[in-house]
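There are 2 protein chains.
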Amino acid sequence: MTARSLSGPMFDMHDPTRTHDPEDPRGRGFRRRFSVEFVRSAIDGNVFRIGSEQVRLGESHGRVLDETVIAKASVPHFARAAMDGFALIAKDTDGAGVSAPVRLHLIGQSRPGRPFPGQVLHGQAVGIATGAPMPVGADAVVPVEQAGIEGDALEVRTCVAPGRHVGAVAEDVAAGDEVLRPGRCLRPQDLGILSALGVDCVTVVRQPRVAILVTGDELLNAGSSPSEFAIPDMNSPMLSALIRRDGGTPAVFGPLADDVARLSREIRDRVDDPTIDAIFVNGGSSTGPEDHAPALIRELGTLLAHGVALRPAGPTGFGVITGKPVLLLPGNPVSCLCAYDLFGGVIVRKLGGRSAKMPYPVVRRRLAAPIVSASGRVDYVRVRLSIDDEAEPIATSGASILSTTTMACGFVIVPAEADRVETGTTVEVHLYDAH
Amino acid sequence: MTARSLSGPMFDMHDPTRTHDPEDPRGRGFRRRFSVEFVRSAIDGNVFRIGSEQVRLGESHGRVLDETVIAKASVPHFARAAMDGFALIAKDTDGAGVSAPVRLHLIGQSRPGRPFPGQVLHGQAVGIATGAPMPVGADAVVPVEQAGIEGDALEVRTCVAPGRHVGAVAEDVAAGDEVLRPGRCLRPQDLGILSALGVDCVTVVRQPRVAILVTGDELLNAGSSPSEFAIPDMNSPMLSALIRRDGGTPAVFGPLADDVARLSREIRDRVDDPTIDAIFVNGGSSTGPEDHAPALIRELGTLLAHGVALRPAGPTGFGVITGKPVLLLPGNPVSCLCAYDLFGGVIVRKLGGRSAKMPYPVVRRRLAAPIVSASGRVDYVRVRLSIDDEAEPIATSGASILSTTTMACGFVIVPAEADRVETGTTVEVHLYDAH
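Protein sequence lines, in the order shown, are assigned to chains A and B. The first sequence: position 33 = 33 (our numbering), numbered continuously. The second sequence: position 130 = 130 (our numbering), numbered continuously.
Isolated chain A (complex conformation) (with noise of 0.2 Å):
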């Protein structure tokens, strides 16, 4: 590695979305850097949606639908009363009021499921329950409170037009009606729709399958207690969450030992997989002697950037092989949850047929102090809510201090245009709670 220029960023002449970036120290030899931009278009012209399959109804909320849903019956299938009261024929009770009731002989009830088995002739009503078939013959209900009985009289104390409190056939759906679109996440009153429909399968996209490959001599396994100069992966629990948060399923392999030949055969492995999606390969991502994860996607596919002008999360990668998406994110944790909020995230919902915005609710804040960033360079930045409902960026320069992204509430993109942000500008926070 030789020593670089300390003049400030250059564009690459030839391709001006790589910029040299000799002054970030997280630099670590990268020749040059591609942008935010440039990742993401590669994502963008490298992932496509898997393919859907079957769940049943009650496990299908929040699945994306891979199916037009065609109405097969209308919904209701049958004239219901929308009001508890009496079914009868509209026109029995012209003139009717207060002052001048009409009296109607009452020949039977009707009640949901239990439907009144005659006809209504005029002069005739029936008792009837909210959400109850309409009687043969009765083409209006009066509601409960505008009628009295007396034995098998019925007084009817207003005058209804035909269809008065009278749920139509077809008003909520009806048949042949395209009622939900590939795409849509499934909302839980989908589900109530998709019930009324009879549909007890439905088809969604599958949930892509996400192979963490994570690498370290230094790695334990999650959850275990530290010792003496290991260290327990805290990445892949946070990886994992955050794949499932986004529709994926996360299937972890490792912590392995930073052995190239062990890593090219998990990466192989993970590739002839049919099950599997992507391919994250957590660590090793830089440009030092133990990083060979670089160079394998570089021997086995195409390794479409590696380093990237952002911090905290330069080390990162992204390449191809046989078709399949590899994402290589940085060790150091906060540059690892960086790496996926900015481009691990994406690949996952768009597998999975997702926008690929990020989920986090965005608020906009005024900064309470500047950020110092550098030209050409995207900076994530963790920031506090101050007392005053200020952001406040969480000063802190380590990439491995992941309770900042704890203490944090959120975090703040600075553009790569700019280099600094003053105090007292309106700046988006993105939360990482969602409510």
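Derived by calculation from the structure, the hints in this document are not laboratory data. Check the hints yourself; a few may be wrong.
Said to hold, decoys possible - Derived lysine to aspartate or glutamate pairs resembling EDC-like cross-links, with alpha carbons at most 16 Å apart:
1) B:Lys357 <-> A:Glu178
2) B:Lys72 <-> A:Glu228
3) A:Lys357 <-> A:Glu428
4) A:Lys72 <-> A:Glu178
5) A:Lys72 <-> B:Glu228
6) B:Lys91 <-> B:Glu155
7) A:Lys72 <-> A:Glu171
8) B:Lys72 <-> B:Glu228
9) A:Lys357 <-> B:Glu228
10) B:Lys357 <-> B:Glu417
Stated by the list, open to error - Okay, the calculated bits of chain A under chain B, using three or more residues with CB under 8 Å as the criterion:
11) 38 to 49
12) 104 to 113
13) 205 to 219
14) 274 to 282
15) 308 to 314
16) 370 to 380
Claimed, not checked - Okay, the calculated bits of chain A under chain B, using three or more residues with CB under 8 Å as the criterion:
17) 150 to 164
18) 286 to 296
19) 318 to 325
20) 409 to 422
21) 425 to 434
Just so it is clear, CB atoms sit at the ideal spot from N, CA and C, and this is done for glycine as well.
Based on the hints, put chain B in the right spot on chain A.
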């Protein structure tokens, strides 16, 4: 049932939270209405956080922490390199620069998990990778870019201060630190921190188990094909999904026939079942002859409110049986969703130790058309966003038209004070989709 006055809503002199609401055609015999606030405060006073359980770290994402996590050890628990480079004694670099390099003797390597076994003395340096333990004696790291190697000779071209590029012991978390507090909804990165601390099991609030008792003679199992006058249960799949979204576990019982003895037994069984934390009775919640639930709650426990000044969920009730909360939700599906959004979700989230706040993102939009409400009544109005990004009320009176909630992007809550909201007013739209 007697005819009711047709004058405007009147406040009950003895309880201003109750109003007579004779003009609401959904009244169906409610002689008085409880305000939404009254029901909310009844929930507040009668629903409490349930107990806790231990879960594995990997299952803890999104769960509510119920312990104070104190760091048993520091993170990191050894000093480590923050960059790839050379560990040395800072004092040895005094005066070093590009034009005046200092020469040191390279005596070995320190790798993550494989520390250098010896000690660094003056004039010596050890190659070191990011995250590797600092060798005994060394107090700074010179980045690889600012040095050159020839055999075992190292040329250092910069001067560093003690501690430079060293991750100090406890820089992330110090032993004894309070890392996470009870009530925290665990983030992906929290799992990372917990893993680093060697935490394998976490104490979290149990997921409240909510019994859903679906009643109605006309109901078939969810997802069945509709038959002559029978309809599939739409509400239990919807309620189950809503309860899961809010961190609970649904348990569906039914559909049950409108049979008072059967319903009474089912309710008592759920009250006696210690694994059930709350009971939601769906359907039969109004004042008609088949509406058995309110009287049963009154008989078995206390019915704190029945009949709410809320459209379209007037026939809602809330009570307690031997300390267990019981919510009566209307059978009409939009009413059911409305009653869940305003009350059911609050119960589930409070039981589970979560914020009572509705989990829907809120955006502010101009109203594209007026909303007619009634003073004293809260309205839950489904809206869609117009091409101009204005909130357009979806015009329908039907509480049974569930498709309005699938077409809508969200809803507007019209407060009790308002009787009309004019076009152009800025309203808060609660979005059904989280993103």
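Checked against the structure, which of the hints given earlier come out wrong?
Checked against the structure, the hints that fail are numbers 1, 8, 9, 10, 11, 14, 15, 16, 17, 19 and 20, while the rest are satisfied.
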